[in-house]
Amino acid sequence: TAAQAALDSAKAAQSTAATGVTEADTALTNANAELTDANATLEVATNLDAAIEVATDAVVAEDVTTALQAATNAATAQGEAATAATETTDAQATADAKETATDTLINAATTAQTAIDSADTTAANQTLTAAEAAGQAAVDSATEYKENATALVAQAEDAVTQAGEAKTLADTAVVEAQDALNS
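Under the numbering used here, read the sequence shown as residues 1 to 183, first letter to last.
To be clear, the hints were calculated from the coordinates, so they are not data collected in a lab.
There's no promise every hint is true.
Cβ-Cβ distance ranges computed for the label pairs, FRET-style [to be verified]:
1. Ala93 - Asp57: 40 to 46 Å
2. Glu99 - Leu128: 24 to 30 Å
3. Ser183 - Leu42: 26 to 32 Å
4. Gln92 - Leu181: 17 to 23 Å
5. Gln178 - Ala97: 46 to 52 Å
6. Thr72 - Val139: 46 to 52 Å
7. Thr129 - Glu99: 23 to 29 Å
Just so you know, even glycine gets a beta-carbon here, dropped at the ideal spot from N, CA and C.
Construct the entire structure; sequences and hints are all you get.
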């Protein structure tokens, strides 16, 4: 009858509702398990991120320290190169002065030789003695001039070496600073 049909429908609905509750309970259990897993994953990711941050900060600090040291080294080398350049300039001035003195002595010796060749007299013999002295002085001066020029070459070579080292260190400083900037 109609009452029986209503009862059967109600029982079917009750059974369907009970199944729905069971399925919802299962879904809730699964959702809670996912939430637990998500919380654990978040904790692992957070710890990993913190560890990466610490490591990155250490690398950046090391890069900055390295860049600063490279810049200091480059500045020191630049100062040494500037000193070497000054020493080279001073050596050039000394060599120039000795060249001028040597030229003057050679002119005096040439004048004396000309006078000797012109006459063989007492005056010429005195001039000969003076010429010999001037000639020896010219040789001595020329020898010193050669020594000064040799020293100048050594100073210039040192200046080139110092400047090269300064450039190498400056190049390194640029690379280290770029690395620090990129960190």
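**OP:** Report the numbers of all earlier hints that the structure fails to satisfy, in ascending order.
**Re:** 1, 4
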